[in-house]
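Asks: Okay, here's what each chain looks like letter by letter:
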Amino acid sequence: MLAYILRRIVIMIPTLLIASALIFAIIELPPGDYLESYIAELKAQGESVDQAQIEFLRQEYGFDKPVLERYFSWLWGFTQGDFGYSFEYQLPVSDVVGDRLWLTVLVSFTTIIFTWVIAFPIGIYSATHQYSWSDYGLTFLGLLGLAIPNFLLALVLTYLAKIWFGTSIGHLMDPKYLTEPMSWDKFKSILEHLWIPVIVIGTSGTAGMIRRLRANLLDELQKQYVITAKAKGLKPFKALVKYPLRMSLNFFISDVGSILPAIISGAEIVAVVLSLETTGPLLIAALQSQDMYLAGSFLMFLASLTVVGVLISDIALAMLDPRIRLSGGATR
Amino acid sequence: MTSRNDLIRVEDLRVAFTLQGNLLEVVRGISFRIKLGSIVALVGESGSGKSVTAQAILGILPKAASITGGKILFCDPKNDGEVTDIATLDRDGEDMRMLRGARISMIFQEPMTSLSPLHTIGNQIEEALTLHHTVEKGEARGLTEDMLELVGFPDPHRAYDMYSFELSGGLRQRAMIAMALICRPALLIADEPTTALDVTVQAQVLNQLKVLQEKLDMAVLLITHDLGVVANMADEVVVVYHGEVMEAGPVKEIFTSPEHPYLQALLHAIPHFDMKPGERLESLREVKYEIGSALERKNIDTDSAEPLLTIANLRKTYTTRKGGFFRDSAENKVVAVDDVSLTVRRGECLGLVGESGCGKTTVSKMIMRAVTPDSGSLTFDNGNGPVDVRALEGQALQSFRPRIQMVFQDPFSSLSPRMTVLNILREPLQIHNIGNDAERMETVTELMRVVGLDPRFLNRYPHSFSGGQRQRVGIARALALNPDLLICDEPVSALDVSVQAQILNLLKNLQNELGLTYLFISHNLAVVDYMADRIAVMCKGNLVEVAPREVLFRNPVHPYTRALLKAVPYPDLSRPLDFEAINAGGASNTQVWGPQFNVSPEAPKLIHLELGEEHTVLVNPNTEAGELRV
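Line by line, the protein sequences are chains A and B. For the first sequence, numbering that gives the first Met the number 0 gives the first residue as 0, with consecutive numbering after it. For the second sequence, numbering that gives the first Met the number 0 gives the first residue as 0, with consecutive numbering after it.
None of these hints come from the bench; they were simulated from the model. Each residue gets a CB set at the ideal place from its N, CA and C atoms; glycine is no exception. Errors might be hidden in some of the hints.
To be verified - Within a straight-line C-alpha distance of at most 20 angstroms, the following computed EDC-like cross-link-like pairs (lysine to aspartate or glutamate) qualify: (1) K77/B with E93/B; (2) K237/A with D91/B; (3) K70/B with D84/B; (4) K237/A with D94/B; (5) K234/A with D79/B; (6) K241/A with D160/B; (7) K364/B with E392/B; (8) K209/B with E579/B; (9) K70/B with D160/B; (10) K34/B with D160/B; (11) K234/A with E392/B; (12) K222/A with E109/B; (13) K209/B with D577/B; (14) K222/A with D409/B; (15) K62/B with E219/A; (16) K234/A with D89/B; (17) K297/B with E445/B; (18) K275/B with D571/B; (19) K251/B with E278/B; (20) K34/B with D79/B; (21) K237/A with D89/B; (22) K241/A with D409/B; (23) K62/B with D218/A; (24) K222/A with D79/B; (25) K237/A with E93/B; (26) K241/A with D320/A; (27) K222/A with E445/B; (28) K241/A with D218/A; (29) K234/A with D409/B; (30) K62/B with D134/A; (31) K214/B with E246/B; (32) K77/B with D216/B.
As the list claims (entries may be wrong) - Label pairs and their computed distance ranges (CB to CB): (33) D218/A with P385/B: 45 to 55 angstroms; (34) D409/B with D218/A: 11 to 21 angstroms; (35) V240/A with P153/B: 32 to 42 angstroms; (36) L74/A with P153/B: 56 to 66 angstroms.
Unchecked claim - Some chain A residues flagged as far from chain B (calculated, every beta-carbon gap over 12 angstroms): (37) T178; (38) Q223; (39) A230.
Bound-form chain A, shown alone (with noise of 0.2 angstroms):
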């Protein structure tokens, strides 16, 4: 087991290489640079350019070294800690990031297991109770959660909650808290703002979980195990739970890989209908305004998340499942 795990650890060195060169590739491929766009600005306004400032920042930025030795330069980075600077924000990428990280972290990780509470119950109750009233009932309801656009939904939901609770619109917190440090009023505030995006941003994922879920869990209630463990005189609930439920779980313990870099990248769209103080408008402003390193760093660190979150999942499915861990398959 111990191997193997080193053995995939170093394996993710290469993966992790081709990505950050087909990264640093893409975002040098539109023409120009974050300098040459911003000249273009200041002549649009009518300012004037000063060409020795321009060579100073161009010799300071390092454009005018060839793309190899940036890129290197630039991975070179990664290992020191320094992920670059942001042109657009004038402050290094990992300050610009890390301001709004924790806050995209909780929103993530408040809808994950909003999904899961939400979704679990009722995706078991759904398989158990197939064809009944309150089956069809819920499987509507799931199919509303999917069909509903997510932007639409963010509107309705500010809207009530600005007319019953006097939420204020949009943000992670009421605005006169949006450059405060730290405080328990302030804690209070994102609490109140919190509910909205994980509901919207949830709803989806509860609804395709709920029927995956089901799905699976129909799957292996037909299985003939299910009977012998009946036939043990197991209570009826156990015997879902020891047997066809555990065995219905891969689908979602193959899922938790996708869902770290989700966690960083999640629901763009609703953040920025919401105007949420989370990572995903920066990273599209990002790439608009061509501020490469933040762009080219923060995928780079969804590059990152994305392996290590196969691999976990990967692992987990092992221990759980002794099929994959035990059986050698043939090779024809």
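Assemble chain B onto chain A, guided by the hints.
Replies: Same frame as chain A, but now just chain B:
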């Protein structure tokens, strides 16, 4: 009235399924009783309601089913003979759960799917124990291991931590038995416990069941369609048909003087070893068929020297990755087929028998060019000159394909549920561009008549046919391209006895009238005996014995063949299974074969020795033919 001796009394039991609002009665007033410590066999075809009756006794009926009438009186000897009516108990209620698994338990047909692959067998067996008894934490494992030893696990301590997929079919079924018996129930319900197992393993498991039944003094309700098993196991027999009891009584009376026509017909439909040459099975429902002009009749010149198919030194190894997910994978070669040489003559039926995993299906797949052999040659000659099958490529291979067709084991999964019978039968003709639309339609219509199906059914989907009818569709599909050789891979092992006879007779008729050649693969020796002219026996990838049918059954030489023959349960009370002989380590255990049949240091390779009468057997080269005649 319940007598003191009765453990369970089923009185006028009725069970109905609710299907789209309609009530469909599948058990229609079944009554029988099981005496303390006796074995009662419930015999019938699939769909006769025998399994549903068992489920009703255990309270595990499917959701759509309910008991609509009658009583199931359970009189527990441990409880001073207090009588409980199981039919009135709440299925998932406390009282029913106390009985289930503790006083009445059950084993099922499929040992693979009956155990959870995610939990160790020790965990699953122990669960049954701790559910019904309060056991000390440390003690449970010891008791579970004792039980594993009792059902014949060689190393119970190791077996406790193994998963079901690491065990062979026979051991899995033993683990199921251990799980069912660990609480020492008064009644064990065994639902087709050996149907999915090889004959030799079946004999071992049956023996184990019988030994345990006597040791633990429990009653057994044995559900089966195999009258051979019944004759060897049961004290009393209950024959059910369409949810009603046709005949019931002690096993002796049932076999010596069957009264009900259904039972008589059932007994006539089973192939047995004492059939005279040319004797035919009496199918319960004979198929009326007619052969038109679309199918070509081949003239079989039996004197023609050239065999239809010559297999020489065929070999196939599979590479498995031993170890698994986390350990370093070491390549491991498994020889599936080892140096097999065989000829199939024109117009004959060659039977290929052996236990599962012996390589018989791999041989058939290599003949079909579905699997590529490692070495050896395959030569096919239908009178137009020899063809090297292994060398065929592209267009030549495509035009060779129709010569050999296949009939599969499982009529349910071998027909696409999304295609109508018309599409299924027409597809081979389309693939090979034979005829135009009208001609294809004509051929398909005739194919239906050939297998005795009404052409009006052409637009139906496979699910609206019974198992036997589907198998006939499978045969029709195989015949569509006018093949010379038909490979039948266990064509009747998924079918009921009554339908089995019907399919076997149909295959026999078609062979005679169309001049077909069959390679008939089966693990059921009685079926092979009925069908085949010559029989080849395979063991662990080797061809151990080849002989004409009557020679092989009269004078089997190889110990493996003998063990196979001995393990077949006869539906005849005067020929009980010799359980003593079977338990000597399994049929393919080379150590008990004797030196003549094993390699020795001076002779590392076995040879096929001619014994005359076209009888060959795989022996050590230092063996004389005379030594083998016992």
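Asks: Does D216/B sit within 20 angstroms of K77/B, going by the straight-line distance between their CA atoms?
Replies: With Cα atoms ~12 angstroms apart, K77/B and D216/B stay inside 20 angstroms; holds.
Asks: For a C-alpha distance cap of 20 angstroms, please report whether K234/A and E392/B respect it.
Replies: This hinted pair is violated, its Cα atoms lying about 60 angstroms apart.
Asks: Next pair to validate is K209/B with E579/B; report whether the Cα-Cα distance is within 20 angstroms.
Replies: 13 angstroms, holds
Asks: Decide if the proposed pair is consistent with the structure: K241/A and D320/A, CA atoms, cutoff 20 angstroms inclusive.
Replies: 13 angstroms, holds
Asks: State, for the Cβ atoms of D409/B and D218/A, whether the hinted interval 11 to 21 angstroms holds or is violated.
Replies: At roughly 20 angstroms between Cβ atoms, D218/A and D409/B fall inside 11 to 21 angstroms, so the hint holds.
Asks: Are the Cα atoms of K241/A and D409/B separated by 20 angstroms or less?
Replies: With Cα atoms ~32 angstroms apart, K241/A and D409/B exceed 20 angstroms; violated.
Asks: Holds or violated: is the Cβ of A230/A farther than 12 angstroms from all Cβ atoms of chain B?
Replies: 5 angstroms, violated
Asks: Beyond 12 angstroms from every Cβ of chain B: is that where the Cβ of T178/A lies?
Replies: Nearest chain B Cβ is 52 angstroms from T178/A, so the label holds.
Asks: Look at the Cβ atoms of L74/A and P153/B and judge whether their distance stays inside 56 to 66 angstroms.
Replies: 58 angstroms, holds
Asks: Hint check: K234/A vs D409/B, CA-CA at most 20 angstroms. Holds or violated?
Replies: Not satisfied, since the Cα-Cα distance of roughly 35 angstroms exceeds 20 angstroms.
Asks: Does D218/A lie within 20 angstroms of K62/B when you go C-alpha to C-alpha?
Replies: 16 angstroms, holds
Asks: Hinted pair, alpha-carbon criterion (20 angstroms max): K251/B, E278/B. Please report holds or violated.
Replies: Not satisfied, since the Cα-Cα distance of roughly 26 angstroms exceeds 20 angstroms.
Of the numbered hints listed earlier, those contradicted by the structure are 5, 9, 10, 11, 19, 22, 24, 27, 29, 31, 38 and 39.
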